[in-house]
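S.K.: The hints should help you fit chain F onto chain R, whose structure is shown.
Each chain, letter by letter, is given below.
Protein chains: 2
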Amino acid sequence: PGDDNGSASESLLSGFKTIAVLRDSAREKNIFIHGKIDDQEAVVILEKTPIREESLPEIFKDSRLKLEMKNDIYSTYQLQPPPHLNEIKTTVVCPATEKHVKKYLRQETFLLEESGEDYLSITLPFIQSQSFSVQWVYNILEKKAEADRIVHEDPDPKVGFVLLPDFKWDQKQLDDLYLIAIVHRRDIKSLRDLTSEHIPLLSNIRKGGQEVIQKRYSVPATKLRVYLHYQPSYYHLHVHFTSLSYDAPGCGVERAHLLSDVIQNLEADPKYYRSRCLSFLVRADDGLLRKFKDAGRV
Amino acid sequence: PGDDNGSASESLLSGFKTIAVLRDSAREKNIFIHGKIDDQEAVVILEKTPIREESLPEIFKDSRLKLEMKNDIYSTYQLQPPPHLNEIKTTVVCPATEKHVKKYLRQETFLLEESGEDYLSITLPFIQSQSFSVQWVYNILEKKAEADRIVHEDPDPKVGFVLLPDFKWDQKQLDDLYLIAIVHRRDIKSLRDLTSEHIPLLSNIRKGGQEVIQKRYSVPATKLRVYLHYQPSYYHLHVHFTSLSYDAPGCGVERAHLLSDVIQNLEADPKYYRSRCLSFLVRADDGLLRKFKDAGRV
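Residue numbers (my numbering), protein chains in the order written: chain R, 167 to 464; chain F, 167 to 464.
Be aware that a few hints might be false.
Same chains, same label: a pair holds when it works inside one copy or across any pair of copies.
[Said to hold, decoys possible] List time: in silico SDA-like cross-link candidates among lysine to any residue, alpha-carbon distance up to 25 Å: (1) K338 to L245; (2) K334 to S411; (3) K268 to E213; (4) K255 to S191; (5) K334 to V259; (6) K324 to V259; (7) K457 to V385; (8) K334 to I211; (9) K183 to T215; (10) K459 to A387; (11) K265 to V385; (12) K338 to I211; (13) K334 to E219; (14) K183 to Q244; (15) K338 to V464; (16) K236 to T215.
Note that these hints are calculated values from the structure, not bench results.
Looking at chain R on its own, in the form it has when it is part of the complex (with noise of 0.2 Å):
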């Protein structure tokens, strides 16, 4: 981006009005917010940036510290740290539609157990008709959009795939590395499309992937968690690898798979995943749950 979108997104949120709090965590240093940007629906995602190794010199020089108590030998402070270091992560969605305001929202979830028949008659119908777009996907693979955020590219059609940083991820440390494999090909939605005909794929994008980040960030496979999602995010297969000192959202056994674990599962048995019985979270509020109601599954 050139200075002109520099300037003009420097102010872009000194109007922005609050609608309400989707959520938030303490914990996690975060807060998701549904408002409008002019007359727009957007949501906004703040995020507080990690504490680097590298800043703590500049940290502990240059700050102010304010006493909070002092008992024996634990003491506590609030400290001002110097502004350059005090970033904070911003994600901007807009417009936003209702489905993006649902899916920051806090809500509570469900485990519900998909049989291979569920899956054909239920979710799939669902996903069909809501018709998800992943054109965003698209502008990626075809350097449209994110070009410069492109780690490692195999272009083949078949095996090959793109790997980039997770939006989560701000590159500026290890701790919490998050890369993405996105698959050339557009006709795998999810885990359950996958047969033993995607295994060269899979072990493709396992190996290549491992690769690049063992070289690019000196990071071995030991270190890495690498999964898919049940139910996925976005319907266009694609691969999560995480560092294993990463406690990431959706590494969890309700949602995620270990890459290695579908391979094999899949050598053993080509259509594992089109019959088995799959459990997977969802929202109170996510059309899936209903549609397992009205079908008597829950």
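M.R.: For chain F alone, kept in the frame of chain R given last:
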């Protein structure tokens, strides 16, 4: 504290000398540092503060944004908020003992892949050589200890189990509900020992546990995460029941195995858990990691 304290403490950390970063969390935006204040050992903990709803108008009004990326409706920025909204909570332990330093030190972890053969040739001999005592488990099963904590018992010697709260759960609220089912059979060390022979046992635990938790705590099966650990923390088969809303330690995909998946896998392949490669975490100081290294498997 009076003004004297205030001004003395204001510069307390300006001469802080970092010895080592003990631990940090990109998710939680904190960092634990071992160092020296003058000539005294100290541990300093820095943690960014949560973003408060009340401060949003000021953040939006007076902040400057720097565009990082734009793709379709999504854009990301660095936001520099007014300095006074950017405090870092600081905790100082000084003088600190070696025990304090160890307490905060994070152990590095590694992901191992254990084949069925690795289990027999490396892991099983290691477990046996350690002669981990599970006497405390037998005490529970024989009602010699914790008898008053048992929530439910199925006394059947083949498929029976006792259900009791995990120590991590204080039973005061349901948000972090955590119960453990311990089997009466004493011949099953872990997931690795399970075959189709054990399906009736596993199904009984699943059904019995869910029914009791529904009846006693009014928590339905759709709000429960039911799983086994691999590696487990003790080698006598047990199953974890945690509230889906609780981000319980050990429910990540690198350690947890959903009981419903385990049952299905054994139904499809009686020897699934004898033959598969299983991934699991080890800490740098775990003797098992050493054994895998000695065997050239890492």
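S.K.: Next step is simple, just say for each hint if it's right about the structure.
M.R.: Here's how the hints hold up against the structure:
no.	hint	verdict
1	K338 to L245	both (22 Å within a copy, 16 Å between copies)
2	K334 to S411	both (15 Å within a copy, 22 Å between copies)
3	K268 to E213	within (19 Å within a copy, 30 Å between copies)
4	K255 to S191	both (15 Å within a copy, 16 Å between copies)
5	K334 to V259	within (14 Å within a copy, 32 Å between copies)
6	K324 to V259	neither (32 Å within a copy, 56 Å between copies)
7	K457 to V385	between (42 Å within a copy, 22 Å between copies)
8	K334 to I211	both (11 Å within a copy, 24 Å between copies)
9	K183 to T215	both (24 Å within a copy, 23 Å between copies)
10	K459 to A387	between (41 Å within a copy, 15 Å between copies)
11	K265 to V385	neither (36 Å within a copy, 29 Å between copies)
12	K338 to I211	both (19 Å within a copy, 20 Å between copies)
13	K334 to E219	both (19 Å within a copy, 21 Å between copies)
14	K183 to Q244	between (30 Å within a copy, 19 Å between copies)
15	K338 to V464	neither (44 Å within a copy, 28 Å between copies)
16	K236 to T215	between (28 Å within a copy, 19 Å between copies)
Hint check: violations occur at hints 6, 11 and 15; the rest are consistent with the structure.
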